[in-house]
Structures are given as structure tokens and as C-alpha cells.
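Number of protein chains: 2
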Amino acid sequence: MAKKGAKKTKLTKKEYEARVPILREQLIKLQVQLKSANFPVLLVIAGVEATGKGEVINTLNGWIDPRGVEVFAFHPPTDEERARPTMWRYWRCLTPRGRIGVYAGSWYTEALREASIPRTDPKLFRHALHRIEHFERLLVADGALVVKCWLHLSKADQGARLKKLAGHPRTAWRVTTGDWQSHRAYKRIDELGRTLRRETGRTGARWTVIDAADERTRNVAVTTTLLDAFAAHVKQQPRNVPQAKRRAITPLRPEGLKKLAALPLDQHLTAPAYEEKRDKWLGKLNRLVRQAAELQRSVVFVFEGWDAAGKGGAIRRLTSAIDARDCRVIPVAKPTDEEKAHHYLWRFWRHIPRDGTVTIYDRSWYGRVLVERLEGFAREDEWRRAYTELNDFEQQLTEHGTIVVKFWLHISKAEQLRRFRHREETEYKRHKINAEDWRNRRKWRQYEIAVGDMLLLTRHAHAPWHLVAAENKRHARLQVLKLSCHQIETALAET
Amino acid sequence: MAKKGAKKTKLTKKEYEARVPILREQLIKLQVQLKSANFPVLLVIAGVEATGKGEVINTLNGWIDPRGVEVFAFHPPTDEERARPTMWRYWRCLTPRGRIGVYAGSWYTEALREASIPRTDPKLFRHALHRIEHFERLLVADGALVVKCWLHLSKADQGARLKKLAGHPRTAWRVTTGDWQSHRAYKRIDELGRTLRRETGRTGARWTVIDAADERTRNVAVTTTLLDAFAAHVKQQPRNVPQAKRRAITPLRPEGLKKLAALPLDQHLTAPAYEEKRDKWLGKLNRLVRQAAELQRSVVFVFEGWDAAGKGGAIRRLTSAIDARDCRVIPVAKPTDEEKAHHYLWRFWRHIPRDGTVTIYDRSWYGRVLVERLEGFAREDEWRRAYTELNDFEQQLTEHGTIVVKFWLHISKAEQLRRFRHREETEYKRHKINAEDWRNRRKWRQYEIAVGDMLLLTRHAHAPWHLVAAENKRHARLQVLKLSCHQIETALAET
Numbered sequence: 090m091a092k093k094g095a096k097k098t099k100l101t102k103k104e105y106e107a108r109v110p111i112l113r114e115q116l117i118k119l120q121v122q123l124k125s126a127n128f129p130v131l132l133v134i135a136g137v138e139a140t141g142k143g144e145v146i147n148t149l150n151g152w153i154d155p156r157g158v159e160v161f162a163f164h165p166p167t168d169e170e171r172a173r174p175t176m177w178r179y180w181r182c183l184t185p186r187g188r189i190g191v192y193a194g195s196w197y198t199e200a201l202r203e204a205s206i207p208r209t210d211p212k213l214f215r216h217a218l219h220r221i222e223h224f225e226r227l228l229v230a231d232g233a234l235v236v237k238c239w240l241h242l243s244k245a246d247q248g249a250r251l252k253k254l255a256g257h258p259r260t261a262w263r264v265t266t267g268d269w270q271s272h273r274a275y276k277r278i279d280e281l282g283r284t285l286r287r288e289t290g291r292t293g294a295r296w297t298v299i300d301a302a303d304e305r306t307r308n309v310a311v312t313t314t315l316l317d318a319f320a321a322h323v324k325q326q327p328r329n330v331p332q333a334k335r336r337a338i339t340p341l342r343p344e345g346l347k348k349l350a351a352l353p354l355d356q357h358l359t360a361p362a363y364e365e366k367r368d369k370w371l372g373k374l375n376r377l378v379r380q381a382a383e384l385q386r387s388v389v390f391v392f393e394g395w396d397a398a399g400k401g402g403a404i405r406r407l408t409s410a411i412d413a414r415d416c417r418v419i420p421v422a423k424p425t426d427e428e429k430a431h432h433y434l435w436r437f438w439r440h441i442p443r444d445g446t447v448t449i450y451d452r453s454w455y456g457r458v459l460v461e462r463l464e465g466f467a468r469e470d471e472w473r474r475a476y477t478e479l480n481d482f483e484q485q486l487t488e489h490g491t492i493v494v495k496f497w498l499h500i501s502k503a504e505q506l507r508r509f510r511h512r513e514e515t516e517y518k519r520h521k522i523n524a525e526d527w528r529n530r531r532k533w534r535q536y537e538i539a540v541g542d543m544l545l546l547t548r549h550a551h552a553p554w555h556l557v558a559a560e561n562k563r564h565a566r567l568q569v570l571k572l573s574c575h576q577i578e579t580a581l582a583e584t
Numbered sequence: 090m091a092k093k094g095a096k097k098t099k100l101t102k103k104e105y106e107a108r109v110p111i112l113r114e115q116l117i118k119l120q121v122q123l124k125s126a127n128f129p130v131l132l133v134i135a136g137v138e139a140t141g142k143g144e145v146i147n148t149l150n151g152w153i154d155p156r157g158v159e160v161f162a163f164h165p166p167t168d169e170e171r172a173r174p175t176m177w178r179y180w181r182c183l184t185p186r187g188r189i190g191v192y193a194g195s196w197y198t199e200a201l202r203e204a205s206i207p208r209t210d211p212k213l214f215r216h217a218l219h220r221i222e223h224f225e226r227l228l229v230a231d232g233a234l235v236v237k238c239w240l241h242l243s244k245a246d247q248g249a250r251l252k253k254l255a256g257h258p259r260t261a262w263r264v265t266t267g268d269w270q271s272h273r274a275y276k277r278i279d280e281l282g283r284t285l286r287r288e289t290g291r292t293g294a295r296w297t298v299i300d301a302a303d304e305r306t307r308n309v310a311v312t313t314t315l316l317d318a319f320a321a322h323v324k325q326q327p328r329n330v331p332q333a334k335r336r337a338i339t340p341l342r343p344e345g346l347k348k349l350a351a352l353p354l355d356q357h358l359t360a361p362a363y364e365e366k367r368d369k370w371l372g373k374l375n376r377l378v379r380q381a382a383e384l385q386r387s388v389v390f391v392f393e394g395w396d397a398a399g400k401g402g403a404i405r406r407l408t409s410a411i412d413a414r415d416c417r418v419i420p421v422a423k424p425t426d427e428e429k430a431h432h433y434l435w436r437f438w439r440h441i442p443r444d445g446t447v448t449i450y451d452r453s454w455y456g457r458v459l460v461e462r463l464e465g466f467a468r469e470d471e472w473r474r475a476y477t478e479l480n481d482f483e484q485q486l487t488e489h490g491t492i493v494v495k496f497w498l499h500i501s502k503a504e505q506l507r508r509f510r511h512r513e514e515t516e517y518k519r520h521k522i523n524a525e526d527w528r529n530r531r532k533w534r535q536y537e538i539a540v541g542d543m544l545l546l547t548r549h550a551h552a553p554w555h556l557v558a559a560e561n562k563r564h565a566r567l568q569v570l571k572l573s574c575h576q577i578e579t580a581l582a583e584t
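Chains as they are written, first to last, in this note's numbering: chain A, 90 to 584; chain B, 90 to 584.
Hints are not guaranteed to be accurate.
Put simply, identical chains are the same to the list, so a pair is met inside one copy or across any two.
[To be verified] List time: in silico DSSO-like cross-link candidates among lysine-lysine, alpha-carbon distance up to 27 Å:
{"#": "1", "residue 1": "K244", "residue 2": "K532"}
{"#": "2", "residue 1": "K521", "residue 2": "K347"}
{"#": "3", "residue 1": "K429", "residue 2": "K124"}
{"#": "4", "residue 1": "K118", "residue 2": "K562"}
{"#": "5", "residue 1": "K118", "residue 2": "K518"}
{"#": "6", "residue 1": "K366", "residue 2": "K324"}
{"#": "7", "residue 1": "K244", "residue 2": "K99"}
{"#": "8", "residue 1": "K118", "residue 2": "K521"}
{"#": "9", "residue 1": "K253", "residue 2": "K373"}
{"#": "10", "residue 1": "K99", "residue 2": "K429"}
{"#": "11", "residue 1": "K518", "residue 2": "K124"}
{"#": "12", "residue 1": "K347", "residue 2": "K369"}
{"#": "13", "residue 1": "K102", "residue 2": "K252"}
{"#": "14", "residue 1": "K423", "residue 2": "K124"}
{"#": "15", "residue 1": "K102", "residue 2": "K118"}
{"#": "16", "residue 1": "K429", "residue 2": "K103"}
{"#": "17", "residue 1": "K423", "residue 2": "K253"}
{"#": "18", "residue 1": "K429", "residue 2": "K521"}
{"#": "19", "residue 1": "K252", "residue 2": "K429"}
{"#": "20", "residue 1": "K502", "residue 2": "K571"}
{"#": "21", "residue 1": "K103", "residue 2": "K502"}
{"#": "22", "residue 1": "K124", "residue 2": "K521"}
{"#": "23", "residue 1": "K118", "residue 2": "K276"}
{"#": "24", "residue 1": "K276", "residue 2": "K253"}
{"#": "25", "residue 1": "K252", "residue 2": "K521"}
Keep in mind the hints are simulated off the structure, nothing from the lab.
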């Protein structure tokens, strides 16, 4: 436990006024330094009621250059937020590298509010905390500095402060009946706070408990905590960031490679046989997707596969069964500069579908353990960590009720060559092939290893991989339809 | 009027099957060409009920490469959308350059729905159409190809189609009581449609009326309309885009320059006098902003001014009066690549505050008629057009209830030099000055002209310019507070 004992010192006005200019100058220096740094700063200001979270943030905002800071407060979730996994609303306001995000209450507010309701299953609270812990660990692993201040008040101090606020006409509006309720439940809520800090203080995103009884002391303590944490973080940054190295790829799970090799690719299917079956499955898929929409379930399709394996064609058949008005296809190419300024999962989170709609990712977050692993865009510790991160990401989706359907479209190296040549020879297909495709092809064996590892390390009951033999396009398209139907049908039956 | 007469021809199945492969190939070609083009394509599919808007879009989606297309359907506005100006929800899903956005019903759906309610004031409909017309004109002027198809059905055909749909178990769910109501009100709604097309068909975003009685003919007609419009649009593109030229800047409104020169800059204010007044105005501003929030009004502050005129300092004093949790500062620097791929106003629309909150733009959309005019980032026709576009943008904000407070902070050239030197000499201010600032300074006279034009061409009762003498920082900061208070107070009193 990293919690510091809440200090009971009190600053005089004079001491305070002497400290403030120094703190302000240090804050500006911090901001200048941060601008060229490669990480974001997240400052979480949480705590019980009437500790002055808003005041601290306002004070800090007056000291700092407001152009480099964004403050996020969380009102009850909007309907757009409720229609997505819990953490979506926090992902959508993650601060980018080089900037400070100040989170009033942050992700802890909702977890605490829910847990405060009498007779709530304590398991739910643990679960919420676990999810938060994972979230912060993810950010920290990516280099983010997460500074968390817990503003503390004794029951007596809280009561005194509420009375003081309520007694003054200028501040009386700030005291709600909810505040008094939470004051009466002080002991219970204080206990929840302890649990919360214990469960979410281990990840390098530690809590600093700050006594908020005296406003000046509180303001200085929060600022000092931020400054100290920043200084320590900068010191920790490696002088020379170890360049990601491209080296020989060795399999983490050799069985993955075998699994891939064992897939028979010699299917045949005549055009009439295909068309008949296709229409049957398209009809079925259409019904299932509509049924899912009625139940406010969303569906996420993930298409991975070799270049020219037929992802585009398979997606086209799939979309023909789905109402285009409730379906988006997200082609995943190079990240934009806004995307690059965020955690690598941010660009996928931003497109997460609303309940009752469908999103198809044409290539996906698995790029992290495929192209980024191979090309050295991600360091070894980064892509190794990604397996867990990707599993957890998908678990959050499925927990919310999203059905995650994942495909790997598999072809032989010889078949790829045939298709590349065909693309080069066909005028309206020529745009689909470029030098990079040929380059990737030369790394076939390495990709195979990465794919094998991916298939084994990210298959889960909640989001299994469907390995599709795509040497025969008709067979592959039919398989995609069938497997989609099976998975959606099963998922709907389980609810 | 550009409306083509609705054709009554009917394609046989054989004819259709012969046409489809050709259309598909043309669509793919279109997409390949579009990828490297510098404009977006917006395809609007509107029309009365039961014309199969969804079917057309689904068909088209099956023909086209779904990776380059996004389909947008508009359900009733979400709470996040209702809390912002009407057009915000359309700006947020504008397709970027090089891609196709298909808009099911689009911005017309809501306008038509509102107008269909019996006894609705027809003025509201006209107003909505006027707003839409402006929106499309803006996009078209920026180079967008806007293709609008109006799917038409005679009353008899509509009735027959509804009956057919209702009679089949697989489609019966699609026919709602609303559809039958709108069928009974056919004449009125048809009349509304005519008005709509007449009022919004003049801007280079013309309507094509397509008879939807026969599904195959309808599908082909929509596709052909898109293909033809695209071909015509590409032809119209200038071979060599005229490079924006930097030339001698001459004033459009010489009085603007005089106004600027006439501003007295010799104010004095002692520190104690300032502090006393400041606290009074801060208190007042705090009350007014809270009052605005209670009334669900949002406030947008715009800060423009010379480099080193003290925008940052003024913003900091301002934010110190506002609850940081409901206030965002948007520093406007170079657009990101996502922003560059959109209309220049898109990056400002995306930050438009929710009702009851405050957004402060540190520099703003006025860059279009200042730096972009001067540096030739915008062509002459572009920045000239911008005055109207900016006025209209702000009018949309104020119509929604947003209070728009605009400042130009003015200093003399000599004072700027003093401040630049001071920045260079002060360690923690050095980051605030760079070569570009010195470059801009050499263009002082040209900027003056652009500023003068801006002040005169974009001042309006709904969003006046406040010209603030900023030679004395204390005076300027106080003025900003006072003027903000006055304007917010007046705006709140008017409601």
C-alpha cells in the first residue's frame, strides 16, 4: 500500500502566499517540459463529498496554463454512453500525449455511487474496481503518468464543512440532500473508499490521501503531489528509449503454427450450389441481426487474414445481409496523428458500436501482435503485453452484451501469388496491390508464426477465433456467413 | 429548378441483370478515383415513406466497396445532440475528403418530420430549409460533391407497396402506424416535399427525382445519378488548382483600420485598484455563468489578438471565475490531419459545448480571414466567402441559445516588441516565443488590414466584437471580465 498518512498540518495565510508563486512557476515549467514529452498526465481528484474537489481543480486551473489542460467531470452517463461498454465514456475523453487531463471524480465516481446504494452486491463493486485497475494499468504500461489524489475529511470535518457551505447564501446551492445522506452514511462510504484505494493502488497509479480539512493545505498538497510525481516520472524515463528491434520471430505457441498448417484448403463449391446456400444463410443472418438489434445487442465483426485472402469480398457478402443504416465498416489502415497521440486501443474504442448496431473491422486491434510485432513498430514488451490487453478489451465488449465474431481468412502462399498476379493484370483491381503487399509476402513465414501465436493466445469462449479456409472464395464466404449465424444464434440463446 | 421529371420506365429482370455488373465496375472505378481526389461525396437518399430508401442503400452497399463508404441514418436526436445546435449532429458525421457518405434521409428527415405535424408554423419549415440550404452551399463551395435523390411514389403506388409489405410475414414489421398515417396525409406531405426540393435545389446540390415504383429501375436510377454526377464533378475540377497567391493586402473595409487606430491605448490602473475591481467582476461573472448554466445556456468565448497581446493571461483570469468542471479551453493551432480532411469549420463544430457549459477558443475560426488570408493558405474566393460563413456559424450558435462573446486584444507594435524581448529574457516564458512570431510581426500592417476587415464584416448584434485595449494588462483583463458580464447579463435578460 502506497497510501501516505493524511497529514494534519495547516498552512497559515502567509505561508500559503509565499508558496503559491513558487508552485505556479513549477507548474508552468512542468507544462513546458510536458509539451515535448511522449506521455500524457492524468490527474485524478477523487474523495468523499464536500472535500472541495471542484475548488481544488479551479485553483489549480488558475495556476496552470489552461491551454494545456483539460478538465473532465462526469455527469450521469448520457444515452450515447449507456449504449456502450462502461469504460467507453472514459476512453472518449482520454487526454493525448503531451497534455494534462484533470479528472474530477473520474471513473471512481460512478463506481462509488453504485456501491453506495444500500444492499448493492459487494461483488459488483469489486468488479468495477477490477475493471478500473485494468484500465489504469493499461495506461501506465503505455507510459502515462496517472496521479491520484484522494481528498479525505473526518466525519466531524465533513459535517462542519457542509454546515458552513449551507449557511452561506453564495454556497448554499452546492449542498444537496444527497450530500447530507452521504454524511449520515459516512462510516460505510469511508469503508468503501478504503477498499477502493486498496484495490486500485498497486499499479503504479498510486493513491495519495490528502486531508482536505484546511483548504490551503489541501491545494498545496494536491499540487505538490502532481509536481513530485511528474519529476519522478521524468527521471524514470529511459534516456535512450530502447528501439524496437526486428529480430528473428520465434513462436510463443508452436501449436498455433501447426493448427494453421493443419487447415485443409482443398474445398470445392460450384456456383449454383454456393448461390443456393448463400441465400439461405443471408436470410438467416438478416433475421439474427435484426433479432439482436431488437434485444439492443450490438455485433462486432473482426476480419483478419493474409493480403488477398478475400476479406473485402467476405465483408461485402456479409453487409448485403445487414441493414446498411445500422452497420459501419471500419477499414483499419495507418493511424491518424490524433490516433497516434493516444493509447493504441483508443482508435478502436472510438468506433465501438451503439447497442443494436453492427461494426465490421477490416483488420483490427490484432495489428498490434501481427504487423507491429513483425515490423518492430511495437517493442517486445508492448506486443507481449498486448495479448492480455486485447483479451480484456474484447471481454469488456462481450460483458456489455456485444457479440464479437472474429475471422482469420487463410490461404496458401501459392494462392496468394496467383491472386497478386491477377490483381496486377486486372485494371480495376490494380489499386488493390502495391509494393508493401509484396514486401509482406516475403515475410510469410514470420507472419505465420505471429498468426499462430495470436490464434492461441487470444481465443476465448467469449470471443473465439474462426479459422476459415479461403483458398476457395465461395467456400470462404459461405463459411463466414454460417459461422456468423452460429455464433450470433448461440449468443442470443444464452441471454 | 433542376428537377428531372420522374421517369416511368421499367426495367425487366434481364435488362437489370445485364446492367448491374457494368454499374458495379463503374462504382469501383469511382471509388478508386475518389481515393486520391480532394473532395468528399455525399449521397443523400430522401423521399416519402415506403419508397425503399433503406433497400436502395443496401443494394448500393452491396455493389460498392464497403470500405470506402459510410452510411449514416438519423434516429431521433440523442441527448448529446439535443444539447447543441441543430446542425451539430450532421457536422459530426460529415464524411472526409476521398470518401463517400451515404445519408439515409439525412438532414431532411427531421425537417420533414417536424413540418408534417399538423398545425406546425410553416415559417419553421422554411427556416429549417434555409439552414439546410446554407449547410449544403457551404460544403459545395468547399468542393464537396453533394448528390441528392428524392425517391417518389404516387399515392396509389405507395398504398400498394405498404399493403405488399404488410402482407408478407418477413416484411410486415417494417410497416408502422406512422407509415399509414403518412399515407393518408399523402397530399400534404407531397406538397411539403415539393417545397423542400424547390427551396434546397439551387446550390449546386440539385435534386434528382426518381420514381420508386419499380425497385430495379429505382436502384439503377440512383446509381446512375451518382455516377453521372461524379463524372461531371471530376470534369469540372480545375486541371491546375489555382495556387493561392500571397499578394499585397488591400482593405475591403478601410474604416476597420481606422477603428483599430482610434483605440486609445494609454490606460493606467494600479495593482490595488485592479485587484479590488477584479474580485468584484469575477464574483459577478461566476454568478452569471452559473445562472446561464441553470437556464441550460452555453457560453462560447472567442479570443483573438496580436501575438503577446495577453490572450493567455486574460483567459486565465476568466477561467478562475468559472467552474473548471464545466469549462473547456480549446487552443487553436495547426489542424490535425483528420481536421484537414474536413471542411475548415469542422474542427470548431466538434468542440461546440453542450448546453450549460462554457468553451473558450484561444484563437478561433477567424484564422480563416487572418492568417489563412495573409499566408495564402486560403484562396481569395475562400477567405472572401468566409465572412458570410463565419457569421452564419455564429448565428446558428446564438439561435440555439449559446452566448457568443468575442474579443480582439489590441496592442501597439512597440508594446509587442517589448513583450517579445521580455519573453526571450525570461526563462519560463521563452517557450512562448519563436521564429514564427517574429515573422508575423514583420507583417504587422497586413494583419492590421485583415483585422480591420474582420471587425467590420463579422460584427453582429448576436455576436459583437469587443475591441479591448490591451497595452495595459490589468486594464485589459478587467475589460474582458466587464464586457463578458455585460454581454451575458444582457443575453440572459432577453430570454
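Each hint tested on the structure:
no. : hint        : in the structure
1   : K244 - K532 : neither (65 Å within a copy, 62 Å between copies)
2   : K521 - K347 : neither (30 Å within a copy, 59 Å between copies)
3   : K429 - K124 : both (15 Å within a copy, 22 Å between copies)
4   : K118 - K562 : between (60 Å within a copy, 22 Å between copies)
5   : K118 - K518 : between (54 Å within a copy, 9 Å between copies)
6   : K366 - K324 : neither (63 Å within a copy, 44 Å between copies)
7   : K244 - K99  : within (18 Å within a copy, 80 Å between copies)
8   : K118 - K521 : between (49 Å within a copy, 12 Å between copies)
9   : K253 - K373 : between (65 Å within a copy, 21 Å between copies)
10  : K99 - K429  : neither (44 Å within a copy, 52 Å between copies)
11  : K518 - K124 : between (44 Å within a copy, 14 Å between copies)
12  : K347 - K369 : neither (33 Å within a copy, 76 Å between copies)
13  : K102 - K252 : within (23 Å within a copy, 80 Å between copies)
14  : K423 - K124 : both (24 Å within a copy, 15 Å between copies)
15  : K102 - K118 : within (25 Å within a copy, 73 Å between copies)
16  : K429 - K103 : neither (46 Å within a copy, 51 Å between copies)
17  : K423 - K253 : neither (55 Å within a copy, 47 Å between copies)
18  : K429 - K521 : both (25 Å within a copy, 25 Å between copies)
19  : K252 - K429 : neither (48 Å within a copy, 53 Å between copies)
20  : K502 - K571 : within (25 Å within a copy, 73 Å between copies)
21  : K103 - K502 : neither (76 Å within a copy, 40 Å between copies)
22  : K124 - K521 : between (39 Å within a copy, 12 Å between copies)
23  : K118 - K276 : neither (41 Å within a copy, 69 Å between copies)
24  : K276 - K253 : within (21 Å within a copy, 66 Å between copies)
25  : K252 - K521 : neither (70 Å within a copy, 45 Å between copies)
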